[in-house]
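If you read the protein sequences in the order shown, they are chains A and B. Counting in this note's numbering, the first sequence runs from 1 upward without gaps. Counting in this note's numbering, the second sequence runs from 10001 upward without gaps.
In case anyone wonders, no lab produced these hints; they're calculated from the structure. All of these numbers come straight from a predicted model, not from anything done at the bench. Built from N, CA and C at the ideal position, the CB exists for glycine as well. A portion of the hints provided could be inaccurate.
What follows is a list of derived Cβ distance ranges for each label pair [unchecked claim]:
1. A:111 with B:10603: 33 to 39 Å
2. A:282 with B:10334: 35 to 41 Å
3. B:10671 with A:111: 29 to 35 Å
4. A:478 with B:10319: 43 to 49 Å
5. A:192 with B:10565: 32 to 38 Å
6. B:10971 with A:253: 53 to 59 Å
7. A:113 with B:10565: 35 to 41 Å
8. A:192 with B:10603: 32 to 38 Å
9. B:10671 with A:478: 51 to 57 Å
10. A:111 with B:10618: 48 to 54 Å
11. A:29 with B:10334: 53 to 59 Å
12. B:10671 with A:192: 37 to 43 Å
13. A:113 with B:10475: 55 to 61 Å
14. A:230 with B:10627: 46 to 52 Å
Derived lysine-lysine pairs resembling DSS-like cross-links, with alpha carbons at most 27 Å apart [to be verified]:
15. B:10394 with B:10567
16. A:30 with B:10744
17. B:10244 with B:10413
18. B:10772 with B:10744
19. A:108 with B:10793
20. B:10567 with A:30
21. A:30 with B:10793
22. B:10267 with B:10394
23. A:403 with A:229
24. B:10044 with B:10915
25. B:10422 with B:11083
26. B:10744 with B:10803
Negatives, chain A to chain B, calculated, CB over 12 Å [what the hints assert, rightly or not]:
27. 127
28. 172
29. 237
30. 288
31. 308
32. 381
33. 394
34. 402
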Amino acid sequence: MKKYNFLLIIALLFSTACGDEFYELNEDVKNPQQVPGESLFTSAQKNMVDQMVSTNVNYNVFRLFCQYWTETTYTDEARYQLVERNIPEQHWAELFRRTLKNLDESAKLILAHEMIPPEETVKTNKLQIIEILTVYTYSVLVESFGNIPYSEALDIEVLLPEYDDARGTYIHLIERLNTAIDNLDASAGSFGSADNIYFGDVAAWKKFANSLKLRMGMTLADVEPALSKSAVESAVASGVFTSNADNATLNYLTSPPNTNPLYIDLVASGRNDFVPANTLVDAMNNLEDPRRKYYFDDNIRDDATGEVIYVGGIYGENNTYSNFTHVTDRIKQPDFGGVILDYSEVEFLLAEAVERGYAVGGTAEEHYNKGVTASFQYWGGTEAEAQDYLKNPEVAYTTAEGKWDQKIGIQLWLALYNRGYAGWLAQRRLDYPILEPHPMAVSGFPVRLTYPIVEQTLNGGNWRAAADAIGGDVVTTRLFFDVK
Amino acid sequence: MKKGNHLTMLLLLLAAGLFGQRSITGTVTSTTGEPLIGANVVVKGTAIGTVTDIDGSYQLEVPEESEVLVFTYTGFAAQEVEIAGRSVIDVSLEEGLVLDEAVVTALGISREKKSLGYSTQEVEGEKLTITKTDNFLNTLSGQASGVQVRRTNNMGGSTNVIIRGNTSLQGNNQALFVIDGVPINNTNTNTRSQEQAGSDYDFGNAASDINPEDIESVNILKGAAATALYGSRAANGVVLITTKSGTRKKGLGVTVNSSVTMGIVDKSTFPAYQQDFGASYGPYYDGGPNNSFLLRDITGDGTDDLVVPFSEDASYGAAFDPNLMVYHWDAMDPELPGYQTPRPWVPAENGPIEFLEEAVTYVNTISFDQGFDKGTYRFSYTNYQHDGLMPNSKLERNNFSLKTDLDLSERLKITGFGNFIKTDGLGRNSTGYSDNIMGMFRQWWQTNVDIQRQKDAYFSTGRNLTWNYADPDQLTPIYWDNPYWSRYKNFESDERNRFIGYVGVNYKLTDWLSIYGRVAADTYNELQEQRRAIGSVANRFGIGTDRVDGSIGRLEVGSGYARRDIKNAEFNYDLMLNINKYFGEKWNLSGVIGTNIRRSYYNSIFSATNGGLNIPDLYALQNTVAPLPNPIERDESIGVNGLYASGSLGYDGFLYLEGSIRRDRSSTLPEENSIYYYPSVATSFIFSHFLNPTWLSFGKIRANYAEVGNAPGFNRISDTYTVNTAFNSASSSLPNTKNNPDLKPERTKSLEFGLEMNFLTNRLGFDVAYYKTNSVDQLLPVRVTEATGYFYKMLNAGEIENKGVELSLFGSPIRTRDFSWDVTLNWTRNQNQVISLEEGLDNLQLGSFQGGVTINAKVGEPYGVIFGTDYTYMNGQPVVDASSGHYVTTTNSDNVIGDYNPDWFAGLNNRISYKNWSLSFLFDMQQGGDIWSLDMWYGLATGLYEETSFINDNGVNVRTPLAEGGGYILEGVNPDGQINQTRVNAHDFSGFGYASGLPSRSMIYDASYIKLRQLSLTYALPASTLERIPISGLSISLIGSNLWILHKNLPHADPESGLGAGNLQGYTTGSLPSTRDIGVNLKVQF
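Bound conformation, chain A alone:
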């Protein structure tokens, strides 16, 4: 019998591993099945701001579109080559997946979390803040692409989401914003430290929501005048930004991965990919704009006089980094705040609202002056400097060249330096300044982004329908609001 003993041992070995633990083998013990909804909000907020403020050529090339900056050696993006690096897809994916879906999940988890009053109000506030950021993100997507998946978006059961009409989506977003604003209760708290923009300050979020509504309302000015007027007026009545302290700024940290993405691309990368473009620098030189010393570095001096001069890289051209003015060190700091909406922009929007006859109080000039001043103050200038600048006849509202759209357009463009996306949106609405593509550009001036390649390969039928509906999936197709 001895000989059989080892067989028994083997048989025993077999019999062991078949118990109930069998299916537990498939459990992921390293990643959580449950997390607080707030933690998803934290990542969504950061992901969205990262995308909006980045200058990485794979993600965000709006500073180039606006000719604030241009490239040194690799001029592809300044010449509107967007397919090579799938840039539209990155913009799309960062906003849909890494922002909206995480916001969506965050809202679901927070909603499912039972609260007892007065915590119930905090919960409601959180849900409204999520809603406001959701509207912001969607508004950027509509303004960037035109028709987008909306009513069928963010649903993994719908693998081929249809695209919704851009105008209808935009109007619906404003309605959602109204509801959110109405439901915010500034007497209670919200996200606290999970919110790296306002740290849970509900009143601040309300101002942000109204300021966003103001911008969205103005975006509709040429196509939905009545809605535009009512949205803008109600936003102003409810309270928009009144100082730079209200700016929607993500407070980045000093260490990766939570630094401003600009720090990664401008400093940590050790690369010299960007210099301010001659379009911007020449315009500021002409106006002797004092903000040059805040926007730019003082690395170029006149050979003869030794004075600091500002020389922009030729837009779209190959530029030797050391021969041109560099960007200021301030925006290279790892914890430089990431701004997605600011007071200066709000004042310029108000100036435009006055010109369009909306009842928002004040004169266009007053708002214009406040917009310029806010920009100076944000960048470290003084009110006195701004006053001086506004005396320049080419700057002063009454004497500056052109009609209000040109005056506001130029100064808004100057003020939105480093806010590429906002600059691009404003330029498309106001058509000032006039930005000429480089002669070797692969297309005309992009007034939208093309749909991502994945939409062609994975959602082809709906992509084709959307492309037809907006008038062709090319960068020169004007979007619904861009009718002038």
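Using the hints, position chain B against chain A.
For chain B alone, coordinates are given in the frame of chain A:
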């Protein structure tokens, strides 16, 4: 060679002493009395032997203590005859019975080959050791039909082995590797970023740990019917490896095998540069000829000097002119001899090819084997050492194995096998686009940079003095480090300690029934470390935030340290009852009933410094500038419990019917779907049993049908969140993939017909198979639009079909006493088509690459079509814009521009023997299949390649300004249908390649090739000489591999230069060149 020498000396001493000799004579005939010319007669267990002459007679001097002679002749059954003191031994060999040879099938069960109703093909171990490579899988190339081997040139890189096409849309398509019946792990730990040509290293696949010197034979089981008993993992076919055992002879057998191989770059796979123009992107700079230089005061004398634009990694600058003196990068550093000294503007004397070193490989093996009356053992030790092409690169492998068979009693037998493998890699080459020196040489380089000067600069100063400074006023690297700095400071290293072993016990219950139990383990620990020294160009390194492509996000950082610790283990427990019984004379039943329990564990942690290193040259996580980000941890367990039964019924040696069924329970499926069954049936009929004309030696038809179920990978059922590095407070996000709680097993159904025939006393024969495999309900993470909020959704969807023909043809055109020639041809044509995907979806994107191309599985197309932008066409001609002269390309990128599947591939093996000489050579070829070249996309644009400088139709260099007759005319028609006449400028960066507005189709190349893959010339010492020296066998071989690429269409690179193993093929960037490997092998037996 040092180690080898010591060993040889030692063994010579060990084996010293002379032995007595005696002579044996005789004749060898067929059963019909015909003399067999050229039959082999060998003393068993030695290399002492001879061949019969024209009369079939032989004479052999054998050592006194010899016991057994072995007589072999192709097409005849081998015979072993005991000498028993005789001096005359005549034998007659039986014809045709060679096909009674036993082959090893699934689970290590030995079967008569003729009874098999499915296709298997054996490769002798000897063929796999002719050439010495870092991955024995490479040597399988061309050796068997139906087997496609896709290699890379990466040092220690991974190799993709696909049998009968890709059957899985997104899962693992690689064959299962099995050693002596025990499945082993072949995981490739490469990152997604590596696979998608981002960056990172190719760490090879784990099957490369197998020591070819220990392989007795490899048997390839191709279809599902052959493999069903292995369960789900074997749906892609099985490579069965049988290791060498000790032989049952008296005395200690010692074999020493030493080889040294030298690899020399095959220049046809290395970029050939134009020699006319140097650095810059075009006439954009401060001054000098072509406005291609910077004007800076380098010498401090107050006047501006002409300075090379260091920062520009392209060669679109001024024409070379030996009379033009300019300041190069080495004029900038006071420690260099060229400080503040101008040099002529000439092409580099030493181009990048000088950067590559000779690749040298030493393989030394010693093995001992011995037989006792109660068993055998074999011990072997192999040291493999490879110095790579790249400076400071090295791969070393030490392999110890011991195999014993013990007969504990008449009925009880134990087999034990243990193999310990230690692999150490140092300085593997980077792959992909970023931070890859070969990418720099192929895409971003200045033709004026002399690599020798870079070398001298690094070695004389130890600093990162690069040709690619940001600016004369900013002497830091901008895009590229000094390549020597990269190699010596920013190197990776890795080590893997692996144990593979099993103990099997066989107990014979009766003479027809036995029970077998086996416990097997395959475990390894691996450590991969990456370094980036302070002072390097910043690159994506370490851990950042999750990025769009689903790979580990990395942030640009100038220095750092990252490590990945991997623990992998797999345990298999088998118990089976084997039956082999004759009923009467004619009926035979053989079968098995068994169970297999498999447990696999994978555990890893990837951790990296953050924001750089504090202290130079200290590579430790503690040496981080900012607090460590969250590491990435994985802990994954998989269990499969299988039960199976299989039986083969044979009648009179000519008709066989076989059936099997297996039931699997898999831990990775939802409990209610976790149990699944799959069957197979196979039959074979030996028609030569009835039809027996003299020219037909053997004829068999076979047919089979089989299904194999497959379960998903770890945790595809329930969802988890991803935890991010905290941002003031906790941060988490949804993962890339939406899992699916309703998964069910996927299923592969395959049908095969085969015909085997041998003619003219087995001098000629073929084996042809037709197969069709459909894989349905595929388990796949389907790439979805990000508008859904995810990248992938786990689904059971889709069907993929592979059908094909495999042909193996063999013949012995010449067979005489002194001279013989054997030829084998393996030819395979596989056609594959994606039949369906999830309802509504018509495309599955497998990977997305730089250059705007994607690799896809599209319904109605083969698996692996390449998408991108295309030309627009008119009457079949590409359309050229009449005003710009550039092509009008599509704006959409969903055009099929290529297909990575070859039309067919083949291997042609020849073996010629003359007396004691033998010559064998293998041609390996592939027809068709496309490859997209990022090297050409960028390298043409940067003006590197010779294609970018030529005399145009106006008789001037194409780079001359348009106004002066330069430029060139693109072939095509204008929108009005007229032949295009508009010239395009080739004066700067926009002249060629991607920058000139070409569609991605322009960089599709045909990946066909014909290669002289292997060649060996061996001389074995004749018996007459061996008699006089104390060794029993000695042979010396001259060996070569990849000696000659006879044909290829991909310029400047090897069409086999993919990124690594996996489903993403058909894309090349920054690959190492191929080497022609030439070496010597010495084998001594005592």
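Outcome of the hint check:
1. A:111 with B:10603: 33 to 39 Å: holds, 37 Å
2. A:282 with B:10334: 35 to 41 Å: At 39 Å between Cβs, range holds.
3. B:10671 with A:111: 29 to 35 Å: With a Cβ separation near 30 Å, residue 10671 (chain B) and residue 111 (chain A) satisfy 29 to 35 Å, so the hint holds.
4. A:478 with B:10319: 43 to 49 Å: Given range 43 to 49 Å: holds, Cβ gap about 46 Å.
5. A:192 with B:10565: 32 to 38 Å: Holds: the Cβ-Cβ distance is about 37 Å, inside 32 to 38 Å.
6. B:10971 with A:253: 53 to 59 Å: Since the Cβ atoms of residue 10971 (chain B) and residue 253 (chain A) sit about 56 Å apart, the hinted range of 53 to 59 Å holds.
7. A:113 with B:10565: 35 to 41 Å: holds, 37 Å
8. A:192 with B:10603: 32 to 38 Å: With Cβ atoms ~37 Å apart, the hint holds.
9. B:10671 with A:478: 51 to 57 Å: Because 56 Å falls inside the window, the suggested range holds.
10. A:111 with B:10618: 48 to 54 Å: Roughly 49 Å apart at Cβ, these two residues keep to the hinted range, so it holds.
11. A:29 with B:10334: 53 to 59 Å: About 58 Å separates the Cβ atoms of residue 29 (chain A) and residue 10334 (chain B), which means 53 to 59 Å holds.
12. B:10671 with A:192: 37 to 43 Å: Given about 41 Å between the Cβ atoms, the range holds.
13. A:113 with B:10475: 55 to 61 Å: Cβ of residue 113 (chain A) to Cβ of residue 10475 (chain B): about 57 Å, so the range 55 to 61 Å holds.
14. A:230 with B:10627: 46 to 52 Å: 50 Å Cβ-Cβ, so the 46 to 52 Å window holds.
15. B:10394 with B:10567: holds, 23 Å
16. A:30 with B:10744: Holds, because 25 Å separates the two Cα atoms, which is no more than 27 Å.
17. B:10244 with B:10413: holds, 17 Å
18. B:10772 with B:10744: With Cα atoms ~23 Å apart, residue 10772 (chain B) and residue 10744 (chain B) stay inside 27 Å; holds.
19. A:108 with B:10793: holds, 20 Å
20. B:10567 with A:30: Answer holds: residue 10567 (chain B) to residue 30 (chain A) is near 15 Å, not above 27 Å.
21. A:30 with B:10793: At roughly 21 Å apart (the allowed maximum being 27 Å), residue 10793 (chain B) and residue 30 (chain A) satisfy the hint.
22. B:10267 with B:10394: Within the cut-off at roughly 22 Å; holds.
23. A:403 with A:229: Answer holds: residue 403 (chain A) to residue 229 (chain A) is near 20 Å, not above 27 Å.
24. B:10044 with B:10915: Cα-Cα ~20 Å, so holds.
25. B:10422 with B:11083: holds, 24 Å
26. B:10744 with B:10803: holds, 25 Å
27. 127: holds, 18 Å
28. 172: The claim stands: residue 172 (chain A) keeps its Cβ more than 12 Å from every Cβ of chain B (closest is about 16 Å).
29. 237: holds, 34 Å
30. 288: Its Cβ never comes within 12 Å of chain B, the nearest being 28 Å, so this holds.
31. 308: holds, 17 Å
32. 381: holds, 29 Å
33. 394: holds, 32 Å
34. 402: Holds, since 33 Å exceeds 12 Å.
The structure meets every hint from the earlier list without exception.
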